[in-house]
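Listed below, chain by chain, are the residues.
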Amino acid sequence: MSEQLTLYLHEISPFSQKVELALVEANAPPYKVYRVDLRNKSEWFTSKVNPVGQVPVVTYGGPNTEPDNPSPLSAKIAESNVILEFLADLYPDSGLLPKNPILRAKVRFFINAITKHIEGTYFSFLRGNESLDNALNAIEFIQELLEEGSDFAIGDHYTIADACISPHLARLKIVTETDIGNFPVGMGYKLGEELKGPKFAKFKKYAQGMLDRPSLKQIYDEEIVIEYFKSIFTDRVQ
Amino acid sequence: MSEQLTLYLHKVSPFSQKIQLALAEANAPYRAYQVNLRNKPEWFTSKLNPVGQVPVLTYGGPNVNPEDPSSLSAKIVESNVILEFLADLYPNSGLLPKDPVLRAKVRFFIDATMKHVEGTYLAFVQGNESFDNVLKAIEFIQELLEEGRNFAVGDHYTIADACISPHLARLKIVTETDIGNFPAGMGYRLGEELEGPRFAKFKKYAQRMLDRPGFQQTHDEEAIIGYFKRRFTNRIQ
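Protein chains in written order, with the working numbering: chain A, 4 to 241; chain B, 7 to 243.
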């Protein structure tokens with residue numbers, strides 16, 4: 004009998020979606036999902052699940068309680084990339100991580116690159132604090148790591164590297180198609196044009212492949228994210 | 007016959023030292039090569055790490071001279087990626103526990119080290135972060151330490167301990183010498199705060215880490231102080 008697993012998430016959070024994608028792609032045994040109201044956080048969430056108050060959080064083990072009544076006996080695991088590794092440990096035959104140590108290192112290096120270049124540089128660009136050129140260099144760094152001729156970032160199976168980047172790829176598509184962001188007007192469109200060029204063909208192909216996967220379509224609602232972006236990016240730099 | 011393992015490092019780099027500590031803990035045989043970071047050899051950037059940083063680990067391939075790395079070896083960069091790689095290579099070393107929940111605790115500790123020590127605390131030393139925020143950062147780390155335990159997570163030395171220990175040694179230097187780009191005296195003040203009851207658990211853990219033989223063997227305090235004096239010459243007022 005497997006242990007209970009509950010995922011606390013929010014549909015606008017790319018970090019939550021990394022974890023959802025990994026669970027779906029791994030064909031994980033049944034788990035519970037609970038949507039946290041981030042603007043009106045319940046007291047039990049910060050006191051019993053995550054003092055930092057952020058999603059995603061996974062609870063694992065302990066008695067099978069209602070998600071809004073978490074047991075002190077369950078393990079609480081926060082930080083999306085920590086949770087991804089945890090799922091790879093729980094489901095060692097799912098392919099979420101390869102068995103070979105060198106390939107595993109490649110997956111982790113890819114995730115490290117996402118933290119630096121996407122969650123770092125590219126996010127700064129969205130906030131109006133980084134140049135388009137640097138955003139393009141960042142994406143190029145990621146492109147260099149992509150396995151040649153494979154549908155996946157590393158090796159020949161969906162790994163936590165793919166789960167880690169996919170929610171960001173979905174939101175990158177919104178930015179290039181709507182120009183929503185705090186960068187100067189038009190920079191989103193320009194980014195989109197650059198990414199359509201021959202220099203980024205490998206990246207574009209990989210990204211499209213990730214966006215076409217049923218797992219993403221199952222958990223991702225583009226309209227909600229577009230509305231959310233409109234509400235947070237209201238301060239364009241000139 | 008096990009594969010060759012070569013670690014390219016620099017003795018003042020805390021990121022390099024993390025790897026030395028993990029290798030010592032795993033009792034793993036390896037070759038160490040110190041890279042001249044101020045005058046980087048061409049073969050280092052072209053064959054090992056285009057970004058030009060240490061640590062770099064090469065694994066496998068023929069047993070060559072470190073200055074002539076083979077294209078057949080795997081090249082692994084980023085200290086925390088290398089730590090996980092070593093835990094994979096040596097699954098019975100204790101570098102990572104077997105239990106998934108404990109493994110997650112180790113990784114959360116490493117994530118916290120990245121955010122609060124390699125982020126906030128290093129920014130403070132560079133003169134870019136407030137004293138109050140540094141104390142909060144160290145307190146966050148302290149909260150993760152279990153009372154009465156010798157190690158960051160569980161009852162064995164893990165990559166969590168290897169990850170933070172080099173930074174603890176350099177923190178000690180900062181509090182004892184006041185070297186840094188923060189305003190004069192802030193380093194001494196930090197030391198005083200850390201001596202107080204609020205940080206007793208942290209101080210005890212830090213001292214245990216610094217007292218370990220594996221640590222002493224890889225720590226060159228004079229070289230680090232010399233490097234810090236050259237590096238931190240721009241105090242903010």
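Note that these hints are calculated values from the structure, not bench results. There may be inaccurate statements among the hints.
What the hints assert, rightly or not - Reference excerpt, derived from the structure (chain B facing chain A, CB under 8 Å, subset only):
1) 11
2) 109
3) 110
Said to hold, decoys possible - Here are the simulated DSBU-like cross-link-like pairs (lysine-lysine), alpha carbons at most 30 Å apart as the crow flies:
4) A:102 to B:178
5) A:220 to A:208
6) B:104 to A:79
7) A:79 to A:207
8) A:205 to B:81
9) A:79 to B:207
10) B:53 to A:176
11) B:142 to A:207
12) B:17 to B:178
13) B:121 to A:202
14) B:235 to A:119
15) A:51 to B:104
16) A:44 to A:102
17) A:202 to A:79
18) B:207 to A:35
19) A:79 to B:81
20) A:102 to B:104
21) B:142 to A:208
22) A:205 to B:104
23) A:208 to B:81
24) B:104 to A:233
25) B:207 to A:208
26) A:233 to A:102
27) B:53 to A:79
28) A:102 to B:53
29) B:209 to B:178
30) A:220 to A:233
31) A:44 to B:121
32) B:210 to B:104
33) A:51 to B:81
34) B:53 to A:207
35) B:17 to A:51
36) B:121 to B:207
37) B:178 to A:51
38) A:176 to B:178
39) A:102 to A:51
40) B:17 to A:79
None of these values were measured; they are calculated from a predicted model. Even glycine gets a Cβ: it sits at the ideal position worked out from N, Cα and C.
Each hint, compared with the structure:
no. : hint           : result
1   : 11             : 12 Å, violated
2   : 109            : 6 Å, holds
3   : 110            : 4 Å, holds
4   : A:102 to B:178 : 40 Å, violated
5   : A:220 to A:208 : 17 Å, holds
6   : B:104 to A:79  : 18 Å, holds
7   : A:79 to A:207  : 36 Å, violated
8   : A:205 to B:81  : 23 Å, holds
9   : A:79 to B:207  : 23 Å, holds
10  : B:53 to A:176  : 35 Å, violated
11  : B:142 to A:207 : 42 Å, violated
12  : B:17 to B:178  : 17 Å, holds
13  : B:121 to A:202 : 34 Å, violated
14  : B:235 to A:119 : 29 Å, holds
15  : A:51 to B:104  : 26 Å, holds
16  : A:44 to A:102  : 39 Å, violated
17  : A:202 to A:79  : 43 Å, violated
18  : B:207 to A:35  : 37 Å, violated
19  : A:79 to B:81   : 35 Å, violated
20  : A:102 to B:104 : 15 Å, holds
21  : B:142 to A:208 : 44 Å, violated
22  : A:205 to B:104 : 38 Å, violated
23  : A:208 to B:81  : 27 Å, holds
24  : B:104 to A:233 : 45 Å, violated
25  : B:207 to A:208 : 51 Å, violated
26  : A:233 to A:102 : 42 Å, violated
27  : B:53 to A:79   : 42 Å, violated
28  : A:102 to B:53  : 26 Å, holds
29  : B:209 to B:178 : 10 Å, holds
30  : A:220 to A:233 : 22 Å, holds
31  : A:44 to B:121  : 24 Å, holds
32  : B:210 to B:104 : 26 Å, holds
33  : A:51 to B:81   : 42 Å, violated
34  : B:53 to A:207  : 28 Å, holds
35  : B:17 to A:51   : 43 Å, violated
36  : B:121 to B:207 : 20 Å, holds
37  : B:178 to A:51  : 35 Å, violated
38  : A:176 to B:178 : 47 Å, violated
39  : A:102 to A:51  : 35 Å, violated
40  : B:17 to A:79   : 38 Å, violated
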